[in-house]
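Participant: Listed below, chain by chain, are the residues.
Number of protein chains: 2
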Amino acid sequence: MKQIDSQNLFEEYWEQYHFDQFFGFDIRPYTSLLAFDPEDVILQEGTKSNHLYFLLNGRAKVFITHKNGTVTLVNFLEAPCFIGEMEMVNDQSACHGVTALRACLCFSIDLSCKAQLLQDTVFLQNLCKFLSRKTLSDVQNYSRNQAYPLKTKLASFILLTANNGLYRERHTETAAYLGVTYRHLLYVLAEFVKDGILEKTPHGYRIVQEEELKQIADGDI
Amino acid sequence: MKQIDSQNLFEEYWEQYHFDQFFGFDIRPYTSLLAFDPEDVILQEGTKSNHLYFLLNGRAKVFITHKNGTVTLVNFLEAPCFIGEMEMVNDQSACHGVTALRACLCFSIDLSCKAQLLQDTVFLQNLCKFLSRKTLSDVQNYSRNQAYPLKTKLASFILLTANNGLYRERHTETAAYLGVTYRHLLYVLAEFVKDGILEKTPHGYRIVQEEELKQIADGDI
DNA sequence: TAATGGGTATGAGATTTCTCATATTGTTTT
DNA sequence: AAAACAATATGAGAAATCTCATACCCATTA
Numbered sequence: 001m002k003q004i005d006s007q008n009l010f011e012e013y014w015e016q017y018h019f020d021q022f023f024g025f026d027i028r029p030y031t032s033l034l035a036f037d038p039e040d041v042i043l044q045e046g047t048k049s050n051h052l053y054f055l056l057n058g059r060a061k062v063f064i065t066h067k068n069g070t071v072t073l074v075n076f077l078e079a080p081c082f083i084g085e086m087e088m089v090n091d092q093s094a095c096h097g098v099t100a101l102r103a104c105l106c107f108s109i110d111l112s113c114k115a116q117l118l119q120d121t122v123f124l125q126n127l128c129k130f131l132s133r134k135t136l137s138d139v140q141n142y143s144r145n146q147a148y149p150l151k152t153k154l155a156s157f158i159l160l161t162a163n164n165g166l167y168r169e170r171h172t173e174t175a176a177y178l179g180v181t182y183r184h185l186l187y188v189l190a191e192f193v194k195d196g197i198l199e200k201t202p203h204g205y206r207i208v209q210e211e212e213l214k215q216i217a218d219g220d221i
Numbered sequence: 001m002k003q004i005d006s007q008n009l010f011e012e013y014w015e016q017y018h019f020d021q022f023f024g025f026d027i028r029p030y031t032s033l034l035a036f037d038p039e040d041v042i043l044q045e046g047t048k049s050n051h052l053y054f055l056l057n058g059r060a061k062v063f064i065t066h067k068n069g070t071v072t073l074v075n076f077l078e079a080p081c082f083i084g085e086m087e088m089v090n091d092q093s094a095c096h097g098v099t100a101l102r103a104c105l106c107f108s109i110d111l112s113c114k115a116q117l118l119q120d121t122v123f124l125q126n127l128c129k130f131l132s133r134k135t136l137s138d139v140q141n142y143s144r145n146q147a148y149p150l151k152t153k154l155a156s157f158i159l160l161t162a163n164n165g166l167y168r169e170r171h172t173e174t175a176a177y178l179g180v181t182y183r184h185l186l187y188v189l190a191e192f193v194k195d196g197i198l199e200k201t202p203h204g205y206r207i208v209q210e211e212e213l214k215q216i217a218d219g220d221i
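Chains as they are written, first to last, in the numbering used here: chain B, 1 to 221; chain L, 1 to 221.
It is possible that part of the hints are untrue.
Any copy, or any two copies together, can satisfy a pair, since identical chains are not distinguished.
[Claimed, not checked] Listed below are the simulated SDA-like cross-link pairs for lysine to any residue, each with C-alpha atoms no more than 25 Å apart in a straight line:
id : residue 1 : residue 2
1  : 67        : 25
2  : 61        : 120
3  : 67        : 145
4  : 61        : 45
5  : 200       : 125
6  : 2         : 182
Rather than coming from a laboratory, the hints here were simulated on the basis of the structure.
Note that the structure is predicted; figures quoted are calculated from it, not measured.
Please model the entire structure based on the sequences and the hints provided.
Facilitator: Listed below in structure tokens is the structure:
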């Protein structure tokens with residue numbers, strides 16, 4: 001993690017996300033621009049942070065570590081979103097860990113202005129909206145994971161993450177997100193290839209029968 | 001669902017939960033007391049409500065219906081908590097259904113004062129706290145469901161819900177909450193009985209070997 | 001250069017969980 | 001009282017998923 005001093009970049013993102021609009025007062029003096037490398041820890045599970053982050057670019061994962069050592073991937077975070085807001089309002093240490101998956105750019109807000117934030121209706125309203133959307137996204141992911149077999153969930157996930165008909169997520173990440181073992185994921189992926197729905201290429205899996213895949217994702221098969 | 005006109009009961013709950021404290025203005029004129037019978041719908045999935053509820057007593061369930069007809073129980077709601085707050089801040093129709101499991105008493109807030117609520121820092125702060133706690137509880141339930149087999153989850157659940165060493169939840173509800181079929185739940189329950197950990201009685205299942213059950217709940221077995 | 005570690009890949013066998021069928025009981029509705 | 005319904009209960013077989021073992025490739029590190 002390192003601070004980015006480029007004023008240009010700062011301005012660029014500030015404009016892009018209309019960062020002013022989230023606050024009823026001038027948050028600029030408390031804000032700086034940070035870059036996280038892949039694997040960098042953004043929030044350490046169980047420790048307290050005195051910053052509130054806003055993801056501008058990149059992708060991060062939210063996870064929980066269980067007593068038996070297994071790690072559950074709760075969700076991905078994609079820009080734009082806040083990070084660390086739950087901890088801030090409850091004034092508690094991080095209940096999830098957050099780690100960068102790709103290079104991430106964030107605004108970092110120094111919580112020395114916390115009292116001011118908690119009196120700002122503009123900010124609080126936005127926070128409520130972000131929180132409820134995040135909850136909704138978590139819960140939908142969660143309940144979908146319970147309601148369907150991997151075949152269905154994987155089909156959705158491939159359609160969601162493919163670019164130009166090419167699926168190239170890391171198997172390790174996908175398996176964690178979908179809540180299954182790596183082994184099982186490969187079984188089902190192999191099944192899709194055998195059925196001619198996907199084709200394995202050196203650059204990733206190419207979607208051959210998109211309609212079929214959509215039907216599977218809809219739980220029709 | 002019916003309105004309760006007893007001024008006494010109203011006052012009693014108002015005091016018990018210090019209901020004033022959640023608001024920066026006088027919410028009383030907008031508040032009434034409602035009683036829901038078991039099975040009554042509190043929030044109808046997909047429709048818009050113009051009330052915000054606050055659960056005073058009883059127990060409700062939050063669920064999502066999937067396209068394939070399966071219903072996922074997202075969580076239980078226990079007093080005290082808000083109901084319908086996500087829909088309110090995002091001004092959208094209910095993304096989960098909420099149904100009473102036991103007789104439920106609620107304060108019902110008429111959202112004609114919505115604009116005022118959304119300008120009230122006291123309320124907004126409390127809402128943020130409630131929202132993040134709810135998220136946390138959902139996510140912990142969710143991730144636990146992914147990380148352990150039913151044996152482990154059921155052991156926790158029995159320890160959580162037993163009264164005086166007696167477990168007597170409805171199997172149908174437990175199965176839904178733990179995200180498994182009814183059939184499978186009965187298998188594992190029977191296994192506990194066979195192993196002498198539980199004993200089946202006419203009034204419910206009695207916990208015989210509590211230490212053993214705790215070990216299983218901890219994932220140690 | 002050798003060793004280490006992460007991601008990828010595949011097989012074999014075990015465990016968990018599901019589907020379907022069927023029966024009993026107690027309660028509510030007709 | 002008969003019918004309908006929801007919860008409980010159990011069996012048999014199938015599907016989904018996991019564990020463990022093993023191997024290869026590539027990049028980083030000693």
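Participant: Give a verdict on every hint.
Facilitator: Hints and how they fare:
1. For the homomeric pair residue 67 and residue 25, neither the shortest alpha-carbon distance inside one copy (42 Å) nor that between copies (44 Å) is at most 25 Å.
2. In this assembly of identical chains, the alpha carbons of residue 61 and residue 120 never lie at most 25 Å apart, being 29 Å within a copy and 33 Å across copies at closest.
3. In this assembly of identical chains, residue 67 and residue 145 lie within 25 Å of each other by CA distance both inside one copy and across copies; the values are 22 Å within and 14 Å between.
4. When the C-alpha separation of residue 61 and residue 45 is checked against a cutoff of 25 Å, the pair qualifies only within one copy, where the shortest distance is 12 Å, while the shortest distance between copies is 29 Å.
5. In this assembly of identical chains, residue 200 and residue 125 lie within 25 Å of each other by CA distance neither inside one copy nor across copies; the values are 46 Å within and 51 Å between.
6. For the identical chains of this complex, residue 2 and residue 182 are neighbours neither inside a copy (33 Å) nor across copies (52 Å), given an alpha-carbon limit of 25 Å.
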